[in-house]
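Protein chains in written order, with numbering that gives the first Met the number 0: chain P, 0 to 656; chain Z, 0 to 212.
Among the clues, some could well be false.
A partial selection of chain Z residues facing chain P, derived with a Cβ cut-off under 10 Å [to be verified]:
no.	residue
1	Phe180
2	Ile199
3	Lys202
No wet-lab data here; the hints were simulated from the structure.
We treat Cβ as the ideally placed atom computed from N, Cα and C, and that holds for glycine.
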Amino acid sequence: METGRRITVALAGNANVGKSVIFNQLTGLDQVIGNWPGKTVERAEGTLHYHGYTVRILDLPGVYSLSTFSIEEVVARDYIAIERPDVIVNVVDASALERNLYFTIQLLELEAPIVMALNQVDFAAKKGIRVDSEELSKVLGIPVVPTVAITGTGINELLSTIVNVLEGKTKLTPLKISYGKEIEDRLEKLELTIREKLPNLSSKYPARWIALKLLEKDEDLIKKVEDHQQGPEVSAFANAVAEEIERIHGEPSPIVIASERYSLASKMAKDVAHVESPPRLHLEEKLDSITAHKVLGYPILALVMAAMFATIFITGDIMVRTLENLFENMLIPATLDLLSKALPPALVDLVSKGFLSGITAGVTIALPYIVPFYIILSILEDSGYLPRVAFLLDNPMHKIGLHGKASICLLLGYGCNVPACTGCRIMETQRERLLGGFVTVLIPCTARTVVILGLVGRYIGIPAALGLYAFDLFLVFTLGRIGFKTLPGEPVGLIMEMPPYKMPSMKTVARKTWARTRDFTYIAFPLIIAGSVVLEVLAVTGLIWSIAELMNPLIVGWLGLPSIAGIPIMFGILRKELTLVLLADLAGTLNFSQVLTPVQMVVFSLVTMIYVPCIATIAALVREFKWKKALAISIIDIVLALLVGGVAFRLLSRILG
Amino acid sequence: MSIDPRLLELLELIGSSEAQNKPVRSDELALELGCSLDDLGKLLENALKEGLIELIADTWRLTNRGRSEVQSHREHYIHEKYGHRPGFLGRAARFVEGSIHDWRGHWHHRHGLDENSLRGFYRNIQDLEGRVEETSSLVELHPGEKGIVAFALGGYGLVRRLADMGLTPGTEVAVVRNAPFRGPVEVAVRGVSLALGYGIASKVFVKRLKGAD
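For reference, chain Z alone in the conformation it holds in the complex (with noise of 0.2 Å):
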């Protein structure tokens, strides 16, 4: 199952080019892995020999495969950051899970995702734009920060709350304020205030921003 962390980085980026119907260009894959188009090219040919990449129409697409294992990365990121409360109890609870083989189930299971929810979550992240590794929790956001809403990891009564609230995806959110101590976030959306539970925020993911004041 472990892949070269690069090549992941790699498909993570063809998969959200493709997700927005762009077309991939060797420059701009080495700028954002940030390595010479000589190592990109080897990456790229690795790729390929392990049926992750196929080239069609000029341009590189994920094959089956590839999705799946990009799919994987991301829940198994999410799960590895956000999953559990951060310290000791949290990495206890993650050493008790071992490793996951059913993660549909798992998601079910231990972080109470129903099956509504779960079809959302997933179309979330295959929709990703950008490396999941750019998207972050509103807890991690600092007061000034903004984000665009990416998806909220909850059962489908919260996601439909924070729908009606107006945190839909693709909504900019600035963090206000926090309150200490594992305290709620105040968030400026659509003209107003909110103030989020640690908890929800924590399971709200944005895009955050650059370049924000």
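Bound conformation, chain P alone (with noise of 0.2 Å):
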């Protein structure tokens, strides 16, 4: 057998069908994975070995079409029309199989070699739904591998029928799809003419496709024919033939196309699935009127929300407990005792002070919460939850300028603002992806809770505690409100698919939170433990009282702290719970109402908790917007800090003394 022959295979389909689930199952890679669409937005790929092939897998982002509206569509469709994969993956649910099969007809369109994997049977199956797979493969022509993906059933069949394709050993005989006579004998006119004016193009794209899409008014692909020395004609002809078009069906061409398509996917649904008994399925429809309902959904809403803090802080706080006993009592000095065996002392502070304080610090202040935090919000994304909550704060998310779907990231921020900033790219233009990263880098993570909590829900009460996160609501909607006026560009509306509720799978919810963790160690630890050693170093050299001196007008005379304060503040942009450590360290002590007035604790949270999140979020809007956009965005949250901190420390003293 030929060994290491290369092959690539593109999954693709609607989303949230299950696409991430079989990329993971054949990579065993941990994709990101939930019941909520929009999850994958950039490609992700792995690698495979099967049979002496080297297989790269692709995970194509989840579209319901390949026209060229959303980035998404741009990136699924340049990539299956110009890269040409080995063969196309076609996931596909099961239990949606109309919607499915429109997406299905437009990549036989692209006359791409396909092979469908009939996700979800199982659910279908619950919903009373029976797709004949057999017959399915029969009237589109491709080979069809009924798969349950979170359970792994049918992924090696798919495997197997992938390289039968490759091999020959299957035929493909994909359905030529047909419009009506009218369309069908324009359409058959408008092709030969491009295959013989436009020959470089019909040889990158079917000449039939490219046919289509001009009748589709593609933009994208009419400047690509007008860019060829015949274009203007052949477009000029082509929207002769639109206008006929249009003149028989009443209405425009590429509605008329999108009609044609869903009506031949009707009836395919129609003939190869199996209504067996009444789609009724008395839990979930249940839990989803209710936890959607008009009223009863706000207070769920609310009910939920809590419970998920409390207990991310509950268990936090225990595991913040046992970890700090251990590494304080145990590993700090086992470990010092090594290093003081083998470096001189100077060098053992230094590691001590520097690196095992930043780790102790990473593991034992930040991870007992953010962990917790990654498997509730896993069983949330994996229930179907979260779409509800889009659903329920559409209205208010319109108030500024954006729509229900980022409230699933101003969800993510309540945990880290790093997967929060890349989950905005669920919203379908650029505009709405900054607008979204600008207010979302404004809800305080579990970072900055810690702080919020420690301090002000520790020394002055949790009703200040919650005052402030209300506080910080409030500047999320006024920032977020002259945003949406500032940056042009017209607002998208909502239009979301509603996934019906599932069981979280408890492997998945482990693979997922696993994956975060790592993935937020890989990013936050070096920076810890490097900021840990600057300011040790800054430490033992004496500068540090020398900054602290530089910024003492502001930290003193404007936002009224006591000196020690600026260094934590500072170095918090390392990370935010950084600024509670550093205090207690600088301080020398961890009772903190010995070294701050009620007033000042709620300053140094108010400013801890809006001026640029860290490091790591800069770094995640920097991929996200470029560096300036993030530049500005760090800027304004700075000012807009210093800003409310002053006026806090003035207006409070007032009040207060």
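Taking the hints as your guide, dock the two standalone chains into a single complex.
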């Protein structure tokens, strides 16, 4: 057998049909999956070895169509059309066949080699839908493999089918999609013209597909056609044909084509799917009607949020204590013992205070809150609750120029701003992503929550801490509104699929939590450790006090904080929870009420809460929006934090003093 | 410009039978209008005199004037009812606009319909089945009610996005639930649930199906 033959397989299909699950099953990687549409925006990649093949697998973003309205559609289409993978696995949700086949039809029109993974057949069966995969395979002329991705059922058959197609053992006789006679005649004429006048372009894309896209008035393709010498001529002819079609059907030609595709999909779905019992899922439907209820939905949302944070803080607190004990009483002394035998004392000090205390801070302060958050988030995601949140919160989100999906990002932001910024990709346009990123970084993440609760919550009281949260939401909405009014462009409305509720799979939850924690550790820990080391160097050399001196006008004069508070605030940019750790270090006590007055605690927490989240988030912002916008967001946040802090100091001193 | 509303109703009915290629029968017309055959006769006579309808091969047909009268009535109705947000601000905006002479330009400049979607919009209202008063936007439907998508009043991009999600003209949709305070509408279409923001849902027009559960 030939060894190491490299092949490329792309997974394509609607959003939320299980592409990422199949991807993970095939590659053993941990692409983040969840029961909400739009997690995979960039394509993910992995490799596997199978029967002597090196198979490169690509997980394309989920799209409903191969037009060019959203960034995802462009990514998916360009990849399939231009890079021509050896096989495309069209992942299809068996429980929503009609809508999924609409996409399959478009893949067939691209004349790509397709293998269909008929996924979620178990769920479809629960809904009383049984899809005859052999019949479907006959109708479409492509192999159809029934799968239940989450359990791995059918994955092996899928792989062997792919190989059979590649080796020519399974012949594809893809269905030729034909439209009504009036369209078909004109389409053929247009196709001939394209072949004749645009030989270059029609060697790249199928001529019939170009013809269809011209009739669909696809802007991207019209531009490509018109770039050719005889392009304008062809495009004028296409317009005339479209005009004729419009006159006959009384709809714009793109709508006529979409309707035709849908009626074909609908007919196929009816032919191959047998609805055996009335589709009633009592528990799921009840859950749906309660959690998305126009009145009850909101208290439930509040309750879910409250339960989530309560769980995070209770378990987090227990873990913090246990881990602190473990580190301080066992691990650190043991390590120091070892080190002092090998290194000179000055270095030992640096390592212990810088390196070790960095790791300790990371493990004992950050992880205990972040891991439970990720677990709960994964459960919420997997169950399908997040789209309900988006549904309920669509209206308030519109007030800041975003739609319901943005509320998912804000929610993610309460855990960690880094995935939340990346999550802003679920929005359709660049404008909305930017606006979403801008407000998301203002959401107090777990790290900032540690500061708020550890300082204000503990020494002043929980109501005051909640007040800070409320104030933060007020800020988010005010700034969001300003951003909305300043940024050019029109807001986009919400069109979102509402996936049915599902029982979260513990395996998925565990894998996802692990993947996210690992990513977080990779980003955060080097920064935390480097920061602690730098800080230790500054402390040893005494530079730290000169810096503090320099910052005094701002820290003492404007914000009314003690001089030592400047250093923690500055280094908080590495990790926000560091501010509290450093404050304790510098003050030489864990009892913050000895160093800060209540007003100072509030001001300290406010400033920490608002100014740029942390270096990892800035990195995420740069990745998403380029450095200029990231810098702008950071500067706005710093200025805002100082402004709010100073004003709060004056106001609160007057009221309380 | 102002003509008898009953006459308009008559024109609408004739127009929609025409679009469906159905012959127009007097008794059906009378039934739909809820008037006696005598009154209908008078109405028809009136319309004939005004040059709005003509009798071709034993069936009533709209003349070009009649057709444009129907068209203008339909767009006027849609504009009055859905062009502006309800409430004081919408009324104020409507007041500022004053009377409109150039509808095409108005839809384009004030309501952001581009050339492509305008063409679709006009075709759609021309082919509307039944009277325009029978269509309503998705946000007016109560949970459980069903309708057939007639047209979407929006930019080309939106109309295409909706079509890609399965909301093509002629598709049956059922409203599952609404969120409060002008929140989104959840609809079931082609076996899946979609959440449509209020702004979008209010631009999707359906013909209500009667007797839905």
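Open item on the list: Checking hints one by one. Is Phe180 of chain Z an interface residue toward chain P, by the C-beta closer than 10 Å rule?
Closed with: OK, holds: Phe180 of chain Z within 10 Å of chain P, min 5 Å.
Task: Interface restraint verdict for Lys202 of chain Z against chain P (beta-carbon cut-off 10 Å) - done: With Cβ-Cβ at 9 Å, under 10 Å, it holds.
Open item on the list: Let's test the interface hint: is any C-beta of chain P closer than 10 Å to that of Ile199 of chain Z?
Closed with: OK, holds: Ile199 of chain Z within 10 Å of chain P, min 4 Å.
Hint check: no violations occur; every hint is consistent with the structure.
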